[in-house]
Amino acid sequence: MLEAINISKEFPGVKALNQVNFKFYPAKVNAILGENGAGKSTLLKILTGVYTHYDGEIQLNGETVSFSNIKEAQNAGIAIIHQELNLIPELSVTENLFLGREIKTSFGLLDSSKMEAEAKRIFEKIQLNVSPKTLVQQLKVGEQQLVEIAKALLCNADVILMDEPTSALSDKEIDNLHRIIYELKAEGKTIVYISHKMDELFKIAENYTVLRDGNSIDAGEMKNTTEQELIRKMVGRDVLIEKKNTENQFENTILKVENLNLIHPSNKKRKLLHDISFELKKGEILGIFGLMGAGRTELLETIFGMHPSNSEYNLEIDGKSTFHKKPKDAIGNRLAFVTEDRKTEGLVLGMDISSNISLTNLPTFGLLNPSKDKASSKDYIEKLRIKTPSEMQLCQNLSGGNQQKVVLAKWLATNPQILMMDEPTRGIDINAKNEIYNLIKELATNQMSIILVSSEIPEILALSDRILVMAEGKIKASYLAAEANEDKLLKSALPE
Amino acid sequence: MNITLNHPLVKKSQSLIALFLLCLFISLLSDKFMTSTNLWNVLRQISVNVCISVGMTLVVLMAGIDLSVGSVLGLTAAICAGLLKSGLSFESMDLFVGFTVLGAILAAILIGMALGLFNGWVITKFSIPPFVATLAMLTIARGLTMLYTEGIPISNLGPEFEFIGSGWILGIPVPVWISLFMVLIVVFLTKKTTFGRYIYAIGGNEKAAFLSGISINKIKLAVYGIAGMMAAVGGVLVTSRLNSAQPNAGMSYELDSIAAVVIGGTSLSGGVGTVAGTVIGAIIIGVLNNGLVLLDVSPFWQQVVKGIVILLAVIIDKMNQKNK
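Here the protein sequences come in this chain order: A and B. The first sequence runs 1 to 496 under this note's numbering. The second sequence runs 1 to 324 under this note's numbering.
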């Protein structure tokens, strides 16, 4: 049995896990449920030795364990199958399978034939019909998933953690995976299973643990609960941010998107976005909700001109038809895009605040005007209450919330008419969150039009005048603020 | 004030301190080092590498690399000398164009720029890694140099041209003036223009820069163009100093130039560094070369020592970053 006692994990400014307790039983499928940000991935990372510093205790079969790296967790019999597969496409399935624990001959050379024989044996067990020499890149996603499972079996794991294993699988592949899970269960393995698909959980899981905002909310047996009850436990909050209930009327259309399609960059047959059409009015806050992989980020990116060669769409801004070949074109149409990842996309971390804020606002060739840039940065530092000793502070020395405010300032400095924000409050503390919420409301009052992408339902409900729900690259539902609630949003967002 | 090795002032002027210690060390072992003849001589020698290296600094700040500068130097040197000596003649049109010293130099610089722009074009248009694109140019330009010169030096280019490499103005060697001018131009570009700001931004985070609406490709083209121009300036200096263009001029100069950039504290992963640092780096290499010769160290050992210095510089730099 794998048991956690009062596990807490803190990041600067955020408490990711707070006194979490759970018990995962052998020969059972133990489901972990929770919204994005509930603490599931932090938990997995602790269990697999990625995060080594935490409070509390983990017990495996009654003994306290603590892993200082991934290898130690594996040796203790805990394996994980990630949502994003961790295989090396250019190597063969056998090479991937034995990566880091190769079988060697007595001369210390690789014993390919032995490894291939072993691979074959495991593949037969899980009914994976590929030659051990096949390159991973030639496999379908479902087959790659099976290779990951084979990897877990190979190191004789007793506990197998599966993070959304079916999110990219076809029905047939899902059935096969479920069959394998039954067999593993019969062998007495502990399966820990994370999925957003409720019907799937009711089909295969015996036990559940619900996490919300880093707390363990409830645990029990699946047969004693219902889908409704689980959803309520996942989303229910003690402190509800007040929902927006104004019946604002918006008249002038500022942005009109029609038939937007986006093709997968490497797999031309796959579409990431299907026929998306919507309108944004002047002064309106349009929320876009969806689970991970629903295509929300890709939608904003496409509108911002980041996928010109893979996308097609009709776009009207302020009544004028346009196409964005690069972000510069979008900025020219007074669009701004606060990207999801402030570290890799939003900021040049090694540069100071002032330089970052002025980055969007300078000609390609021209003279710098440091005093003007500094003055404008000072204004934003004051207005957005960015906590920093001066505008010359390097962005890498700021906290997450303050970095996010610099990203916002950088885009506000372009004086946009449409502001798109992708998870603007991810990973920042509650105070900074509230400040950003107030800012968004104020901007909208001043007639800026805002698209807000978020996977936090309360955030969407608190800010949006209208809400689109996306799943699997499509718009699944549209609600006015008054008619939306947590249940409806989550239900529309679950894949079919 | 309590000064330790970790004090920011010490860190900032680390390479200056290293240079000072190096000079001190050499002058203790050789009394020829601290003479004005020798010091001017060292500076004159360094000026070629300084020109190339300030261009290279821009490239490296952008997280790129330019391996072709040595060959571009060789080709532009040969063309400069060739034009000066025999001009351009178009026999079919019965046309002969002679070149003044200034004309030949400008032609060389323009060709250097064109070669650099070609590098930039390949890198941006086909998304080829700079290492590969400029490696190809390294070979191409050297081959063209051999074709143009037929492997024979072009010599006797006249006293007017020789003045550039060997003359003095106001008691300072002309090459030192020229390299100082180049340094000032590039310092101005990096400190005072949006172009310089964007170079740092691209090196620091290319994706964020792109999303901010920066024309990444234009900036890259311009930077590689400048690197080519600077190599050509170096070519003119070398040629006039020797009063002769050697077919193998500039061979492996790219290595000294990258070394100067790295010793000067510019990060090869881009975004961090200064032109001033590179100048100090170039001086350190120059002084080291000179000192090893004065101390009668065999040329083979010189290479070993130079390599160790480069390693030390980078290791110290890495340790500093970790201490942050």
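Simulated from the structure, these hints should not be mistaken for laboratory data. Honestly, I wouldn't trust all of these hints.
[As the list claims (entries may be wrong)] Restraint ranges, calculated between C-beta atoms of paired labels, are given here:
#, chain 1, residue 1, chain 2, residue 2, range
1, A, Asn415, B, Ser13, 37 to 43 Å
2, B, Phe20, A, Leu110, 29 to 35 Å
3, A, Ser8, B, Phe131, 43 to 49 Å
4, B, Phe131, A, Glu10, 40 to 46 Å
5, A, Pro265, B, Gly158, 55 to 61 Å
6, A, Met392, B, Leu294, 31 to 37 Å
7, A, Glu382, B, Leu29, 40 to 46 Å
8, B, Ile315, A, Arg232, 56 to 62 Å
9, B, Gly158, A, Asn415, 27 to 33 Å
10, A, Leu110, B, Ile315, 50 to 56 Å
11, B, Leu95, A, Pro265, 35 to 41 Å
[What the hints assert, rightly or not] Now the stretches of chain A that chain B is said to cover, found in silico as 3 or more residues with beta-carbon under 8 Å:
#, segment
12, 340 to 346
13, 361 to 374
All C-beta atoms in this analysis are idealised placements derived from N, C-alpha and C, irrespective of residue type, glycine included.
29 to 35 Å as the expected CB spacing between Leu110 (chain A) and Phe20 (chain B), which holds or is violated: violated (53 Å)
Per the hint of 27 to 33 Å, is the separation of the Cβ atoms of Gly158 (chain B) and Asn415 (chain A) within bounds? This hint is violated: roughly 59 Å between Cβ atoms.
Three residues minimum, CB to CB under 8 Å: does the segment 340 to 346 of chain A make the cut for coverage by chain B? Let me know. holds (count 3)
Three or more residues of the segment 361 to 374 of chain A near chain B by CB distance under 8 Å? This one holds; 7 residues, not fewer than the three required, reach chain B with a Cβ under 8 Å.
Between Pro265 (chain A) and Gly158 (chain B), does the beta-carbon spacing fit 55 to 61 Å? holds (59 Å)
Hint says 37 to 43 Å; check whether the CB-CB distance for Asn415 (chain A) and Ser13 (chain B) agrees. 42 Å Cβ-Cβ, so the 37 to 43 Å window holds.
Should the hint that Phe131 (chain B) and Glu10 (chain A) are 40 to 46 Å apart at their CB atoms be regarded as holding? Given about 42 Å between the Cβ atoms, the range holds.
Tell me if the beta carbons of Met392 (chain A) and Leu294 (chain B) are separated by a distance inside 31 to 37 Å. About 44 Å separates the Cβ atoms of Met392 (chain A) and Leu294 (chain B), which means 31 to 37 Å is violated.
Should the hint that Glu382 (chain A) and Leu29 (chain B) are 40 to 46 Å apart at their CB atoms be regarded as holding? violated (59 Å)
With 56 to 62 Å as the target window, see if Ile315 (chain B) and Arg232 (chain A) comply at their CB atoms. holds (58 Å)
Against the range 50 to 56 Å, how does the distance between the Cβ atoms of Leu110 (chain A) and Ile315 (chain B) compare: consistent or not? violated (34 Å)
Given the hint of 43 to 49 Å, is the C-beta distance from Ser8 (chain A) to Phe131 (chain B) inside that range or not? holds (47 Å)
Against the hints set out earlier in the document, violations occur for numbers 2, 6, 7, 9, 10 and 11.
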